[in-house]
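Fit chain V to the known structure of chain C by using the hints.
Note that the protein sequences, when read in sequence, are chains C and V. The letter at position 137 of the first sequence is residue 137 when you use our numbering, and the numbering goes up by one with no holes. The letter at position 89 of the second sequence is residue 89 when you use our numbering, and the numbering goes up by one with no holes.
Since the hints were derived computationally from the structure, they do not count as laboratory data. We put the beta carbon where it would ideally sit given N, CA and C, even for glycine. Where hints are given, some of them may not hold.
In silico SDA-like links for lysine to any residue, alpha-carbon gap of 20 Å or less [to be verified]: (1) C:LYS411 to V:VAL43; (2) C:LYS407 to V:PRO8; (3) C:LYS301 to V:VAL43; (4) V:LYS42 to C:ASP294; (5) C:LYS189 to C:HIS172.
Partial chain C-side listing against chain V, Cβ under 7 Å, derived [to be verified]: (6) TYR80; (7) GLY112; (8) ALA265; (9) ASP269; (10) ARG306; (11) ALA309.
What follows is the residue order along each chain.
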Amino acid sequence: MDKSTKKKENRRKHRHHDKKSEAVSIAIIGNPNCGATTLFNRMTGGIKQKGRFFECCHTAKEGPVRAHKNTTVVELPGTYSLSAYTLNDITARDILINGKPDVIVNIVDATGFERSLYLTLQLMELDIPMVVALNMMDEIRNNDIDFDLQKLEKELTVPVIPISASKNRGIHDLIHYAIEAAKYKTVPKKIDFCSGHVHTAIHSIAHLIKDDAEKAGLPIRFCCTKIVEGDEPVLKQLSLKAPELEIIDHIVSDMEHHLNTDREAAMADMRYAFIQDLASKVITRPASTTREQDRSLMIDKILTHRIFAIPIFFGIMLLIFYFTFDSIGQWLSDWLGMGIDKTVSLIDSGLSAGGAAPALHSLIINGVCAGVGSVLSFLPRIAVLFFFLSILEDSGYMPRVAFVMDKLLRKVGLSGQSIVPMLIGFGCSVPAIMATRSLPSKRDRHLTIALIPFMSCSAKLPLYAMFISAFFENNRVFIMAAIYLMGIIVSVVCALIFKHTLYKGDPVPFVLVLPPYRLPAMKSVWLRMWENIKEFIKKAFTIVFIATIVIWFLQSFDAGMNMVSDPDDSILAAIGKVAVPLFEPLGFGDWRASTALITGLSAKEAVVSTMAVLTGATDVAALSAMLIEIFTPLTAFVFMVFCLLYMPCVATLATIKKEMNGWWHAILVVLFQTTVAWIVSFIVYSVGGIFI
Amino acid sequence: MTLDRLKPGTRARITAVKGKGALRRRLLDLGLTPGTMVMIRKVAPLGDPIEICLRGFELSLRKAEASEIEVTTEDCSGNINCSICPYSKPEDKTSNG
Chain C
1 MDKSTKKKEN RRKHRHHDKK SEAVSIAIIG NPNCGATTLF NRMTGGIKQK GRFFECCHTA
61 KEGPVRAHKN TTVVELPGTY SLSAYTLNDI TARDILINGK PDVIVNIVDA TGFERSLYLT
121 LQLMELDIPM VVALNMMDEI RNNDIDFDLQ KLEKELTVPV IPISASKNRG IHDLIHYAIE
181 AAKYKTVPKK IDFCSGHVHT AIHSIAHLIK DDAEKAGLPI RFCCTKIVEG DEPVLKQLSL
241 KAPELEIIDH IVSDMEHHLN TDREAAMADM RYAFIQDLAS KVITRPASTT REQDRSLMID
301 KILTHRIFAI PIFFGIMLLI FYFTFDSIGQ WLSDWLGMGI DKTVSLIDSG LSAGGAAPAL
361 HSLIINGVCA GVGSVLSFLP RIAVLFFFLS ILEDSGYMPR VAFVMDKLLR KVGLSGQSIV
421 PMLIGFGCSV PAIMATRSLP SKRDRHLTIA LIPFMSCSAK LPLYAMFISA FFENNRVFIM
481 AAIYLMGIIV SVVCALIFKH TLYKGDPVPF VLVLPPYRLP AMKSVWLRMW ENIKEFIKKA
541 FTIVFIATIV IWFLQSFDAG MNMVSDPDDS ILAAIGKVAV PLFEPLGFGD WRASTALITG
601 LSAKEAVVST MAVLTGATDV AALSAMLIEI FTPLTAFVFM VFCLLYMPCV ATLATIKKEM
661 NGWWHAILVV LFQTTVAWIV SFIVYSVGGI FI
Chain V
1 MTLDRLKPGT RARITAVKGK GALRRRLLDL GLTPGTMVMI RKVAPLGDPI EICLRGFELS
61 LRKAEASEIE VTTEDCSGNI NCSICPYSKP EDKTSNG
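Bound-form chain V, shown alone:
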């Protein structure tokens, strides 16, 4: 699954950042490293870009960029890493963890 496919409010864990060059390094520099928890905050009024939350801050990126980021939504609750994103209040998965 890629980041652009997720619905607002979902949380996921980054598994890989694809793409290459300066953009990829920028994403990594901003903390989108494999293993990081992210949460989809919202979609811009016109449908693109999206706003995500990770490591305690908000980042906006286009769906094109988000599609380079592989994520998994498995085992996203109850993990210590989730506390890194102070905003993350999982909407549906809390009970599972």
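Here chain C stands alone, though its shape is the one from the complex:
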């Protein structure tokens, strides 16, 4: 109580303070893969927090700027244009227009100048103070390309700061100029990059809708260009009356007639004409390609090779899993496991020496230590997996995979772009589901989201490892591969079924920029890995911790609150036995197995911790021995398959609900996945029964 009032007091003080020294909010926006995330990490040191933009979108990252009080920065999802094509574009646009940041930092990839500047020109229409961060300047200088920054600044009428986010150059200046711009509210001047008939049309419309735009709180110039383009959301927001709409249509049709083109092409053409002219004025290249671009082409010759591309992709994935499960992951896991065992035995002897009550001793050793410890020992593997997935994401290889695999995926009704979220799904379903925001069609998005949980996430790793060490020690690789393949095959089959039933429809367009390959910035890779490690540890000590205590409690007492000697008499056994008939046909009718499946809904790691608590095993060896009593190799495998496929954990469910807009879809996904899990497990059990 006391604490919470203090907190409130602090917050109030803080807010007051904010007003005095004027808090500044910076929004970073740029094309995808232009280094925005690296810049964000450089500005914040990788610290994220909930902020004023957090509520409207959880894909925008926000954090405090290092060494600058009251300054926050938000990184908007990458976008090529302010016209709404993907959900990411819509989010970025919404935050800029409705969130009203104090200053925009437009990060421009100097090596892809023309395409980047297309967004810049649109941002300049927003009437928000703006600074251009010209990124990748190290590459530009290495190749002796000459950028006339002064001329560029003059033409654009906004400060242009050369930076190299990956080399940490120019960040300090950038922050300085951004804060200055916010302070003095230096909005970009209205430069007339339009000419002739487009110019006339824009100005006529400006006169017409001035009042409406003011009323709607939208920047006038932005409205005009968007109206010429026929942008639906803006037209709706302005709520123009019929006569106005008629005049606008007349003006635009007139322009189309004169230019002998249509409205959309006219606007894009006008912007690109301006950019082309600008580029020829400010950039002088000694050679037509840079060394990095040449290198990228060379790499592409191998990685998207006509014959080798697909084998290379599978090879890379196999290698990643090999490092995760065998070699590196194995060594690290063994070390940590030994450390945990030592700690547990220390606690054990400490408790015994201190004369702790048997109930408390049991709670700590058989409950908490067994549960949390069993999960925690898998941390290194998860770290290794995320390390490699981060490298894949940051290197620029992912879009190539989409390019190579598109035709295969289209055969099952998905798009090549679906493969990126699916690969991320091997790490964790939550970011994977959020990554579907870059897919342009709702159909693809929903289908991909429904299938992502079949990609075995890292939280299920401890479970497989546990069963494999108990039953399949000699066939480790084979069983592990079988499980992962099973997930992929099931998702392919389901996709095929969906394609012919629920999600019929035309093939969805596939337009994807292939960025040059870049060496991943180790800082970004490390930060992303660290984030996942933190998340995993947090989960182990919160959800898994609580689950183990609850499980321990429920299995130690009976309905009359007496401590039981045989867990079979406990409350938990009574609950678990209700679910038993459901799993009887699958071969694991033991109440402990069904209970573990239920607790697994909180987090998949909890399946392992529950098993550990329920069998009273305090270390991995003991757990293996106990598992052999409950399962046969066949039912153990069926259990693994069921765990692989059945409904995702609550965190994933919440994300699905958010991304699919409603519980209805989330519930359908749950039903669908659990049904699939049951059917597949049943088939595996029945077929396996014939052979064994």
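Frame of chain C, contents of chain V only:
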């Protein structure tokens, strides 16, 4: 002629972007405006999509999308616009320009 019919290594100039709606705007936003030089870089291992190069970057799109883009292969060498695509090293037409 449409973009999907060109062989890898050929250069062409966009004359019109057909189709409609969000996809068309996306193509225009990415710089596939009439008059732009493009070069067909390669075809994916399974025959679709294709990879093109324009305005100094690489873009991949399916043949279905490419068939909406009208191009001409005439007067594609020696034009100043060609320098925009830094990768474009015309294989057969340099001597003509």
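The hints, checked one at a time:
1. Between the alpha carbons of LYS411 of chain C and VAL43 of chain V the distance comes to roughly 18 Å, so the proposed pair stays at or under 20 Å and holds.
2. In summary, the hint linking LYS407 of chain C to PRO8 of chain V is supported, as the alpha carbons are separated by about 18 Å, within the 20 Å threshold.
3. For a cut-off of 20 Å, the pair hint linking LYS301 of chain C to VAL43 of chain V stands: about 11 Å separates their Cα positions.
4. Taking the CA atoms of LYS42 of chain V and ASP294 of chain C, the gap is about 15 Å. The hint holds against a cut of 20 Å.
5. As the CA atoms of LYS189 of chain C and HIS172 of chain C are separated by approximately 25 Å, the hinted pair breaks the 20 Å bound.
6. Here the hint on TYR80 of chain C is kept, as its CB sits about 5 Å from the closest CB of chain V, short of 7 Å.
7. The beta carbon of GLY112 of chain C is positioned within 7 Å of a beta carbon in chain V (closest approach about 5 Å), and the interface hint is therefore held.
8. About 6 Å separates the beta-carbon of ALA265 of chain C from the nearest beta-carbon of chain V, less than 7 Å, and the hint is met.
9. Using the Cβ-Cβ criterion of 7 Å, the hint placing ASP269 of chain C at the interface with chain V is satisfied: the shortest such distance is roughly 5 Å.
10. For ARG306 of chain C, the suggested interface contact is upheld, since its CB lies about 5 Å from the closest CB of chain V, less than 7 Å.
11. Taken as an interface hint, ALA309 of chain C checks out: its beta carbon lies about 5 Å from the nearest beta carbon of chain V, inside 7 Å.
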